[in-house]
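Student: Residues per chain are reported as follows:
Protein chains: 2
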Amino acid sequence: MNKSGSQRGRRPGSPDTRAAILDVARRRFLEDGYHAVTLRSVAAEAGCDLALISYYFGSKKGLFGAALALGANPAELLARVVEQGDLATVPERVVRQVLAVWDDPVTGPPLIAMLKSAVDDEALGALVKEAVEREIVDRIAGLVPGRDAGHRAAAFTAVVAGLITTRYLLRLEPVVSMSSDDVVRSLGPQLRLALIGPARPVRRVRPEGRPVPRP
Amino acid sequence: MNKSGSQRGRRPGSPDTRAAILDVARRRFLEDGYHAVTLRSVAAEAGCDLALISYYFGSKKGLFGAALALGANPAELLARVVEQGDLATVPERVVRQVLAVWDDPVTGPPLIAMLKSAVDDEALGALVKEAVEREIVDRIAGLVPGRDAGHRAAAFTAVVAGLITTRYLLRLEPVVSMSSDDVVRSLGPQLRLALIGPARPVRRVRPEGRPVPRP
DNA sequence: CGGATTTATTCATCACGGACGAATTCTACG
DNA sequence: CGTAGAATTCGTCCGTGATGAATAAATCCG
Numbered sequence: 573m574n575k576s577g578s579q580r581g582r583r584p585g586s587p588d589t590r591a592a593i594l595d596v597a598r599r600r601f602l603e604d605g606y607h608a609v610t611l612r613s614v615a616a617e618a619g620c621d622l623a624l625i626s627y628y629f630g631s632k633k634g635l636f637g638a639a640l641a642l643g644a645n646p647a648e649l650l651a652r653v654v655e656q657g658d659l660a661t662v663p664e665r666v667v668r669q670v671l672a673v674w675d676d677p678v679t680g681p682p683l684i685a686m687l688k689s690a691v692d693d694e695a696l697g698a699l700v701k702e703a704v705e706r707e708i709v710d711r712i713a714g715l716v717p718g719r720d721a722g723h724r725a726a727a728f729t730a731v732v733a734g735l736i737t738t739r740y741l742l743r744l745e746p747v748v749s750m751s752s753d754d755v756v757r758s759l760g761p762q763l764r765l766a767l768i769g770p771a772r773p774v775r776r777v778r779p780e781g782r783p784v785p786r787p
Numbered sequence: 573m574n575k576s577g578s579q580r581g582r583r584p585g586s587p588d589t590r591a592a593i594l595d596v597a598r599r600r601f602l603e604d605g606y607h608a609v610t611l612r613s614v615a616a617e618a619g620c621d622l623a624l625i626s627y628y629f630g631s632k633k634g635l636f637g638a639a640l641a642l643g644a645n646p647a648e649l650l651a652r653v654v655e656q657g658d659l660a661t662v663p664e665r666v667v668r669q670v671l672a673v674w675d676d677p678v679t680g681p682p683l684i685a686m687l688k689s690a691v692d693d694e695a696l697g698a699l700v701k702e703a704v705e706r707e708i709v710d711r712i713a714g715l716v717p718g719r720d721a722g723h724r725a726a727a728f729t730a731v732v733a734g735l736i737t738t739r740y741l742l743r744l745e746p747v748v749s750m751s752s753d754d755v756v757r758s759l760g761p762q763l764r765l766a767l768i769g770p771a772r773p774v775r776r777v778r779p780e781g782r783p784v785p786r787p
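Listed in order, the protein sequences are those of chains A and B.
Read left to right, the first sequence gives residues 573 to 787 (this note's numbering).
Read left to right, the second sequence gives residues 573 to 787 (this note's numbering).
Quick caveat, the hints were computed from the structure, so don't treat them as lab data.
Just so you know, these numbers come straight off a predicted model, no measurement behind them.
Not one of these hints is a red herring.
Some, not all, of what chain A presents toward chain B, calculated at C-beta under 8 Å:
hint: 1; residue: 744
hint: 2; residue: 747
hint: 3; residue: 766
A short list of chain A residues far from chain B (calculated; beta carbon distances all over 10 Å):
hint: 4; residue: 588
hint: 5; residue: 621
hint: 6; residue: 631
hint: 7; residue: 633
hint: 8; residue: 655
hint: 9; residue: 656
hint: 10; residue: 681
hint: 11; residue: 682
hint: 12; residue: 686
hint: 13; residue: 716
From the three backbone atoms N, C-alpha and C, an ideal C-beta is built for every residue, glycine too.
Use the sequences and the hints to build the structure in full.
Tutor: Below, the structure is given as structure tokens:
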């Protein structure tokens, strides 16, 4: 291409409009959702021509991806939380972490928007699915001892997914209005049960006839 | 309007195209999802004019609603399952019912499609939310004794929602490929814990310092 | 039968949304 | 200066859902 870093032509002299587009897009996508946002309105609000958006971001999806580039990868955060500390306290710490990130007015909405659009976009959905499998399920599975680790991780993930779905996607009552402590109190035991098994200090008790581990 | 049941004009003499539209729409919506389906393509495949769809169903959403008129209301089914039988077996029965309905190749897909579109459509979302609150959460809450019934129902609902999300929406591994029995084995205890509390036959054990009921 | 009335169906068109290519301006380098 | 390359705009295409006017068909009433 061009030898040495020398670049000709118009280098950023009046360089704001790309950022402006990104700002507007971010806000709009979070406020109104993917479908409701029109590129024309974004362009208008950003004070530029419609075609500039295509120029910079290629397509509406491109803009969406760029606008919602997640500041901190939630999977990574979760991984850190999971791996430092005692296994016994993982459930509570995970719930608190999830609540912290998703309740936060700045980190939460992008995640919610991302999740929503992952639901109806095939490609995005696959992406999320793989990320969750790799970063969450597998990591949790690697943490617990038994050979039913996979199933335990699955149950754990399902409960967390349930929390996210009810509290942030459907905004179901009473889950939405519960305090962090309430949520921990309600779901903590479930997660502990999923991860570690029936309350450890007591002998196994089977209220029904079905054995649980069954190797 | 017209006195006595007498109706003039063209009554259904050659009346298939409405049904044809409905058939095509149903299949397409389930296969490709709401947004990917175009009214024009439906009209073409049904062998009629685009405007007929508006004529019969008013709008795309109208068509969607009519096409996916859920054969059996899942909430009602669930309610029946919940209310007949012992409280202790509710968790397993609910899981089995959910799996039966959502895994079924005829009743499942409409539910999934409905849920997906509820995610990005404000109005539909509200509908689902209210239905779930009224038909599931409240009903469950009415079933358990304590005064933390609400929270228990919330936890219960969250786990069920998690199952549905991971298995049918995200299609997450390993949840997707688990057998019904596996799922019951994995999630049953969680639900029992949510509903009924720590395994009944044993003395209360509090691994952490936090009391659960706390009136 | 024959008009009246209603239903079923089509045609033409609108407004809007996303994408794209050609043309134009601007800026920095040489 | 001149020119290359980046930034920006204009005009336009095509597909979408919606809607109203016009036409064909079926049914009823006298």
